[in-house]
Structure formats: structure tokens, C-alpha cells
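Trainee: This is what each chain is made of:
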Amino acid sequence: MWGSFGFGIACSAAFALILGIPTLRLRADYLAIVTIAAAQALYFAFGTSQFAAITGGSNGLSQFGEDFYRYNPIPEGRYDLGIITLSQDEIWIRVVAWGLVILVAVLLVILTRSPWGRTLKGIREDEDAVRSLGKNVFAYKMQSLVLGGVIGALGGIVFTLASQTNQPSTWVSNFTFMTWTVLLLGGAATILGPVVGSAVFFAFLMLTQGLLEGMVNLGWLPFLDVAQVGQIRYLLVGLFLMVLVIFRPQGFFGNKKEMQFNG
Amino acid sequence: MANAQVEAIAKGAAEPGCAKVDPILVASNVTRQFGGNKAVDVAHLEIPRGKITALIGPNGAGKTTLFNLLTGFDKPNTGSWTFQGKDLAGIAPYKVARLGMVRTFQLTKALSLLTVLDNMRLGAQDNPGEKFFASFVRPLWAKKEAQITERANALLARFKLDAKSEDYAAALSGGQRKLLEMARALMSDPKLVMLDEPMAGVNPALTQSLLEHIKGLKENGTTVLFVEHDMHMVRHISDW
Numbered sequence: 000m001w002g003s004f005g006f007g008i009a010c011s012a013a014f015a016l017i018l019g020i021p022t023l024r025l026r027a028d029y030l031a032i033v034t035i036a037a038a039q040a041l042y043f044a045f046g047t048s049q050f051a052a053i054t055g056g057s058n059g060l061s062q063f064g065e066d067f068y069r070y071n072p073i074p075e076g077r078y079d080l081g082i083i084t085l086s087q088d089e090i091w092i093r094v095v096a097w098g099l100v101i102l103v104a105v106l107l108v109i110l111t112r113s114p115w116g117r118t119l120k121g122i123r124e125d126e127d128a129v130r131s132l133g134k135n136v137f138a139y140k141m142q143s144l145v146l147g148g149v150i151g152a153l154g155g156i157v158f159t160l161a162s163q164t165n166q167p168s169t170w171v172s173n174f175t176f177m178t179w180t181v182l183l184l185g186g187a188a189t190i191l192g193p194v195v196g197s198a199v200f201f202a203f204l205m206l207t208q209g210l211l212e213g214m215v216n217l218g219w220l221p222f223l224d225v226a227q228v229g230q231i232r233y234l235l236v237g238l239f240l241m242v243l244v245i246f247r248p249q250g251f252f253g254n255k256k257e258m259q260f261n262g
Numbered sequence: 000m001a002n003a004q005v006e007a008i009a010k011g012a013a014e015p016g017c018a019k020v021d022p023i024l025v026a027s028n029v030t031r032q033f034g035g036n037k038a039v040d041v042a043h044l045e046i047p048r049g050k051i052t053a054l055i056g057p058n059g060a061g062k063t064t065l066f067n068l069l070t071g072f073d074k075p076n077t078g079s080w081t082f083q084g085k086d087l088a089g090i091a092p093y094k095v096a097r098l099g100m101v102r103t104f105q106l107t108k109a110l111s112l113l114t115v116l117d118n119m120r121l122g123a124q125d126n127p128g129e130k131f132f133a134s135f136v137r138p139l140w141a142k143k144e145a146q147i148t149e150r151a152n153a154l155l156a157r158f159k160l161d162a163k164s165e166d167y168a169a170a171l172s173g174g175q176r177k178l179l180e181m182a183r184a185l186m187s188d189p190k191l192v193m194l195d196e197p198m199a200g201v202n203p204a205l206t207q208s209l210l211e212h213i214k215g216l217k218e219n220g221t222t223v224l225f226v227e228h229d230m231h232m233v234r235h236i237s238d239w
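Protein sequence lines, in the order shown, are assigned to chains A and B. When the letters of the first sequence are read in order and numbered with numbering that gives the first Met the number 0, they come out as residues 0 to 262. When the letters of the second sequence are read in order and numbered with numbering that gives the first Met the number 0, they come out as residues 0 to 239.
Next up, chain B with everything else stripped away, as it sits in the complex (with noise of 0.2 Å):
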């Protein structure tokens, strides 16, 4: 990491914890014991936005959990945090995602009955069609599961899952199904993407495209955060 670039992000020093120019995540005293074991103690973190931010650490080290509980999927013992200055302790988990901070599962949850399209159509948001009595009615929703459709196999043709859209996700390999996953969070088009080891059993070449694509998530101005253990990896894209 250059210097320049460091500062260009940090605010003062660069040390753990300390404050960002402009953060899309700010979280302070956050803990979550499970009995005696101290899983996650963060004094404070705060996520740059427009940039990628790795989270890294040894196994155990409380970086999934620290995820479960940003997206409302874990109720911390202490702590606060928001997002884009909202505060965000205590408020479900679909309410999270909705406000546009969506993530991803370490262990992949394709929903493996659904075809990989109908996957990716899911990850989209206000779909009028959604609703119980509209959905009686095509006509009010036909024209936006149109544009949803139509983006989810752009998105899919990107991730070069197209040729799949009309499988079970359950007939994708794991490394396929850590691709679709990362596509369907993005149908939302998300402020902030949470990526839980996305890189875990993906294979090397399909892994370079991978990287360029969310260098390009950040140029369209998405943040991210992800947890990787590949070192490589993270230095090759991560800004902080």
C-alpha cells in the first residue's frame, strides 16, 4: 500500500481502529461472547467508503461472527454501529440488506432447488410481484420481472454462470456456487458488499476475473468488505 493512498483514507495515523476520511460503516464496543469465549471485541472499526477494505485474521478469530452480527443475523452483548450514519444494533436482518448493505455466507447458500436464474431474480428488491394480492396480478409486475431478468443474466453472463441459468443451483459445483451467490447480493445493486471468503474454492483463472470484478464494483462506486485468508489476494486489491 502506497503512503499516499493511506492517508488518502485514513484520517491521522494509520493504526487499528483509527477514523476514516469518509466511512460507510462505523461500529464501536462491539462484543459477542459465546459463554466464556470472547468471540468478538471490536473497540472500533470504521469501513471507508467507495473502497475495498479486507478483513483478515487467523481461524477463530471472530471475522465471520464480526459479519453475522454487522447484518443483524447476531445480536452482539455490546455495541453499536451504522451505516451511513443510520444506526443499525437491533434491526433485522432483511431490513439490514434492504438498506443496502447485503453479504454473503462463507458457507454458500444457494438455494439448491431453485433454478440458478430464479436464484439471481430473488437478489433483486421491490419487485412488486412479491407481494401476496399483487402477485394475483401479472400485469403489475410483469414489466419490472422484465428489467430483473434482464439483469440477472447480464450479471450472470459476467460471471460466466449463463450457461446454467436453467439448473437446479444444486447442479453447480462449490466454486460455482460461491459465484452465484456473489451475483445474486449484487442484483440489489448494493451500497456495501459483504463478502464472506469469496475466494475459497474458486479455481485460479476464474479467480483473476473474479478480482477485476469487484475492482469494478468499486469503481461503480460500491464498498467492500471481505474475508480472505488468500494474502495474495489481498494485497493485490484491497485499499485498507
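Excised from the complex, chain A in its bound form (with noise of 0.2 Å):
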């Protein structure tokens, strides 16, 4: 288990190292385009039958998560935690999860806050500027980015422990795009806003998809069947995020003196 855990999170600095060495030099916006087009592209190779020994092909893989679940401390059983019952191993990987976010946001804050984090923040406002201070920008950029793919292997990791279920059809453009949402939803450059802005995203698609499957049961909706909700709730996402961005364009935490002087 260690080793897959050590593996997954090797291959994400790996890979954003691959990544890196090309686009970085070039603009943002080429990071960004290679970066979606690389994840479609793994997700096709893993999902062809040529790797299926190893990735399970398209059905990917399951039930994989045991070793994980020995480590449980809490004893089996069911858990009523006021609005809803849980059991042992959902307990856990929500405490494991958790503790990873706490740890995870820690470190980010030390790290924003030391020399390290000002010079990254003196980059994303001129590259040049920093460059004639004799600072490596590219070293500190492969650095953030080798980071950032870290972070995102140990949420993928937890991702997969919870449905113990890992198929490359999760992992499509809809998902970047969600991650974007959440984001900007949390505010941009921030370290609680990620956090928060997941939590309010998700809750929020399965608040809309519960209410509008009852009003729909209810007959209130008559133009709507149960099986469209699903859609007509990534539409409301997009009009929050719409409203959202013209309305308060710096999300949740993001700072409004910061985003002032954009331009």
C-alpha cells in the first residue's frame, strides 16, 4: 500500500516534470492547453485494452482498497452521526481525508509565507523583474508545478479509496473543468478557498439534484423528467459561476485589494 502511495504520487511529479520542461518557458496559457490535452491523452492510453492487465482497460479497476481499510482503527459497525449513519470505513477515509487537507493547507502556508512564496508570487506579477534579480524562474516554477501535481495525486488517491473504484472515464475533461469551479468558487491564490470551495460545489450539486428530483416527483417541474436533472444541474453551476465571477470575482477568500489592480 505504502509503495502504490509513494508510486502514484512519483508518477505525478514525473509527469509534471515531463510537462514542464517544454510549456514552461512559454506562456501560461500553453501550460494549460497541454496539460487538458495530456489528461485526455492518458485518459485514452489507459483505457485501451493493451495495458488491460495493468489498468483494467476502460472498466478500470476495483475493490483495491483493503490494505487500506486494515488500517482502520475504529471498530466495525454503524455510526449515527445525527443527519446521517456511517460506517466504520467511510469514517475513516473521511478522517484520513481530512487530515491530509489539514496538512496539506499547513505546509502551503508556511511555504506562501517564506521567502519561497514571495518569490513565486513576484513571477506570476513579471517574470522578467524577477528574472533581472537573479532569480532561476524556471526552476521556481517547475517547483510549483511539480507541487501542484502532488497535491493533486494525494486527492486523487483519497478520490479512489473512497469508492475504491479507479476508471478512466472519471478522470475527463468534466473533471478538470469541476476543479476549475472550485477554485475560482474558493478564490484564486488562496489556501482556504480550494478547501471551502469544494465543500460548497459538491454540496451544492447534490442539494440541486435532491431538490429538483423532489419538485420533479412533486409534478411542480412539468417540462422536466428525473433523468434530466442530472444535466439542468451542471447548468445552474454555470450560471453560479457566471453570477460568481461578475459579482464577486475574487470567490469566497480571494483578496478584493488584489484583484483591483489587475491589469
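Calculated from the structure, these hints are not laboratory results. A few of these clues could be false.
What the hints assert, rightly or not - What the simulated footprint calls covered on chain B by chain A, stretch by stretch (three residues with Cβ under 8 Å from a Cβ of chain A suffice, anywhere in the stretch; the number is not a length):
1) 18 to 27
2) 30 to 44
3) 88 to 97
4) 116 to 128
What the hints assert, rightly or not - In silico DSS-like links for lysine-lysine, alpha-carbon gap of 30 Å or less:
5) K50(B) to K120(A)
6) K140(A) to K74(B)
7) K142(B) to K120(A)
8) K140(A) to K50(B)
9) K85(B) to K140(A)
10) K214(B) to K140(A)
11) K120(A) to K143(B)
12) K190(B) to K94(B)
13) K50(B) to K94(B)
14) K190(B) to K120(A)
15) K94(B) to K120(A)
16) K142(B) to K140(A)
17) K140(A) to K143(B)
18) K140(A) to K94(B)
19) K50(B) to K142(B)
20) K120(A) to K163(B)
21) K120(A) to K159(B)
22) K130(B) to K140(A)
Said to hold, decoys possible - Pair by pair, the computed Cβ-Cβ distance ranges are:
23) I35(A) to N76(B): 29 to 39 Å
24) D166(B) to T164(A): 44 to 54 Å
25) F4(A) to G215(B): 53 to 63 Å
26) A202(A) to A133(B): 34 to 44 Å
Glycine residues also receive a C-beta, built at the ideal position from the N, C-alpha and C atoms.
Hints are included, so try docking the two chains, each in its own frame, into the full complex.
Mentor: In C-alpha cells, the structure reads:
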């Protein structure tokens, strides 16, 4: 189990390096384009039957979490937490996930307040100025890209362990754009932003699903059927995102002062 | 310029491209072409050490392009140059800066969303806290950081920016940004400062104090090379 955690993290770091070497010298737009394309390429690669022995092809893998759940110290049973009831494994994954969130958030706070973080902010403002002050801009960008990749890998590990399934089709572009929504919602360039943003985003998705389904079943929305609700909520997400960008571009936690000087 | 002074700097007759007694920067045969337009064509150039040298010329003469070439921000078509005897052609800009040759930009590049003080701190070299892993361990860099901050505050006071140190650089006026950029370049104690139009947009009273400051740099042993259009200023402070 530890081996596969390490392998996952090492892979993400290596992948970030490979993506970064050609693109970090160019404008940021190109990095965005290349990462989306690379995600798509990997999706097709892992979905082919060629690698089915390792990746399970397009069906992916499932039930690989026994090792992880064996470490679960919580006794077996159902736990009533007021509004929801969870099994011991469901509690365990939540504890581990939030533990990781707190750990990563603390490390990032330390990092952004250090001179390293200051240099990175400087690069965000003007690469050439930072270069003229003797900083290796490329190395800083690479370090931050790899760091982002590793944090993403941690998220992916928790995500797949929770459901104990991993299919290539989970990781298509939709997932990328959902992540962006989460980031914008919470506020770009913040640490609490993505945490709260993701909580709000997924709560919103589930609430609207439940509400709309209820309303359809009650016959209040005669132009919809239950199967369409799933699509409608993504429309609502888009609408929500537009309203957010217009009226609160800094997200929940972004620094209004920082946004005002844009341009 | 007094003749005696000219003789002290130049080796032989004072003419374009003449050899200097003690050059810090020597460039030969540097050219840069943009399409059919030869922007820079320098046969030979020597910058005397510990002096203030003015680079003058009409708009479009290629002064800024020469700056870009010398500091590695642009690649020349031909040519070579040495700084303190070290060959600099093809060296990355950040390495050039670490060697002690720091430049400013004509269109100021203040880091808008960093505070003025952070801008200054960024100018310092060899801060261990700027390494990825070391940055997690505060004791490794707290002392150096305190020294840097002290130096930054001293420089800001000299440039009359100390009242603004906690403001975002974006909140500064154009002239103040010029000052900040110059002060930031001085954070690393460079051997050679290259100022691209340092006085453009700075009010005359402040210009006087800046001039004094540039002269002060010379006394500390820093070499200054600057581009300027104001001939009064050029005559007032430059040695060459």
C-alpha cells in the first residue's frame, strides 16, 4: 500500500516534470492547453485494452483498498452522526482525507509566507523583473508545478480509495473543469479557498440534485423528467459561476485589494 | 568633462570605442537584427570600472536593446562581451544578475501585487529561505531575512519610500515605481548597475536627490551605466 502511494506521487511528480520542461518557458496559456491535452491522452492510453492487465482497460480497477482499510482503528459498525449514518470505513476515509487537507493547508501556509512564496508571487507579477533580480524563474515554476501535481495526486488517491473504483472515464475534461469551478468559487491564490470551494461546490451539486428530483416528483416542473435533472444542475453550476465571476471575482476568500489592481 | 579626467579613464585618445584603463565590461562586435533592421551594431565598447557612464542617443538608436543583449534578456546575432573578465555571451539573465550586473527597465516592472517592502526583499541574493525545502524551516532563514529587511528599510528611507513600505507597489505613482525599481536593484549590492532612463517621470526635486544617490554609488565602488535623454543630467553626473 505504501509502495503504491509512493508510486502514485512519484508518477505525478515525474509527469509534471515532463509537461513542464517544454511548456514552462512559454506563456501560461500553453501550459493549460498542454495539461488538458495530456490528461486526455492518458485517458485514452489507460483505457486501451493493451494495458488491460495493469489498468483494467476501460473498466478500470476496483476493490483495491483492503490494505488501506485494514489500518482502520475504528471498530466495525454503523455510526449515527445526527444527520447521516456512516460505516466504520466511511468514517476512516473521511478522517484521513481531512487530515491530509489540514496537513497540506498548513504546509502551504508556511510555504507562501516564506521567501520562496514571495519569489513565486513576484514571478506571477512579472517574470522578467524577477529574472533581473537573479532568480531562476524556470526552477521556481517547475517546483510549483510539481508541488501542484503531488497535491493533486494526494487528492486522487483519497478520491479513488473512497469509492474503491478507478476508471479512466472518471478523469475526463469534465473533472478538470469542475476543479476549476471549485478554485474560482473559493478564490484564486488562497489556501482556504479551494477547501471551502470544493465543499460548497459538491454540496451544491447534491442539494440541487435532491431538490430538483423532489420537485419533479411532486409535479412542480412538468417540463422535466428525473433523468434530465443531472444535466440541469450543471446548467445551474454554469449560471452560478457566471454570477460569481461578475459580482465576486475574488471568490469567497480572495483578496479584493489584489483583484482591483488587475491589468 | 575636464581633459585630465578623460585621460585618467581612457587609454589613448578619447574617441568612440576607445580602450579604457580599467574596464569592468568589454563588448565587441555586438549586433542584433530585427528583420532587415539592424538595431544594435557595436564594434567595441568598454565601460570603465567605478565610474558613471552615460549611454546617449536618439530614440530608436538601440540603447535599450543593447541593455537587453548585455544582460541576457535578448540574444545577439553576433558578438561577445565579458564582465569582470568573465565571458557573458549566452548566459541566462538570472545568472548575469547573480554575477553582480543588475539592470532596471525603461517601462518599470514593479511587482504590483507585492508590498513595496517585499519588492525590496526580493532584490536580495542568497536568501536560504528562497530554496524550496529550506523555506519550510524558518530558523534556517529568519536571521538572513531580518538582515535583508533591515537593509531594505534603510534603502527605502534613502529613496523616500519608507512611508509606503506596507503598500502594494501598484499603489505607487509612476515616479515612485522608478525609485522602487532602482532601490530594488541596489538590494543585491551589484558591481554594475544598468539604469534604463532612471529619471523619466521623476519630479525635479527628487531628481536632485537621485543624482546625489547615483554619485554616492560611485563612491561605494559601484559602476553605473545609464541611458538618459536629459543632457543636463548627463553632463552633471557622468564621468564618461
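Trainee: Give a verdict on every hint.
Mentor: Against the structure, the hints come out as follows:
{"no.": "1", "hint": "18 to 27", "verdict": "violated (count 0)"}
{"no.": "2", "hint": "30 to 44", "verdict": "violated (count 0)"}
{"no.": "3", "hint": "88 to 97", "verdict": "holds (count 6)"}
{"no.": "4", "hint": "116 to 128", "verdict": "holds (count 8)"}
{"no.": "5", "hint": "K50(B) to K120(A)", "verdict": "35 Å, violated"}
{"no.": "6", "hint": "K140(A) to K74(B)", "verdict": "22 Å, holds"}
{"no.": "7", "hint": "K142(B) to K120(A)", "verdict": "22 Å, holds"}
{"no.": "8", "hint": "K140(A) to K50(B)", "verdict": "37 Å, violated"}
{"no.": "9", "hint": "K85(B) to K140(A)", "verdict": "28 Å, holds"}
{"no.": "10", "hint": "K214(B) to K140(A)", "verdict": "38 Å, violated"}
{"no.": "11", "hint": "K120(A) to K143(B)", "verdict": "20 Å, holds"}
{"no.": "12", "hint": "K190(B) to K94(B)", "verdict": "14 Å, holds"}
{"no.": "13", "hint": "K50(B) to K94(B)", "verdict": "23 Å, holds"}
{"no.": "14", "hint": "K190(B) to K120(A)", "verdict": "27 Å, holds"}
{"no.": "15", "hint": "K94(B) to K120(A)", "verdict": "20 Å, holds"}
{"no.": "16", "hint": "K142(B) to K140(A)", "verdict": "26 Å, holds"}
{"no.": "17", "hint": "K140(A) to K143(B)", "verdict": "24 Å, holds"}
{"no.": "18", "hint": "K140(A) to K94(B)", "verdict": "17 Å, holds"}
{"no.": "19", "hint": "K50(B) to K142(B)", "verdict": "34 Å, violated"}
{"no.": "20", "hint": "K120(A) to K163(B)", "verdict": "19 Å, holds"}
{"no.": "21", "hint": "K120(A) to K159(B)", "verdict": "25 Å, holds"}
{"no.": "22", "hint": "K130(B) to K140(A)", "verdict": "13 Å, holds"}
{"no.": "23", "hint": "I35(A) to N76(B): 29 to 39 Å", "verdict": "37 Å, holds"}
{"no.": "24", "hint": "D166(B) to T164(A): 44 to 54 Å", "verdict": "52 Å, holds"}
{"no.": "25", "hint": "F4(A) to G215(B): 53 to 63 Å", "verdict": "58 Å, holds"}
{"no.": "26", "hint": "A202(A) to A133(B): 34 to 44 Å", "verdict": "39 Å, holds"}
In summary, the structure is inconsistent with hints 1, 2, 5, 8, 10, 19 from the numbered list given earlier, while agreeing with the others.
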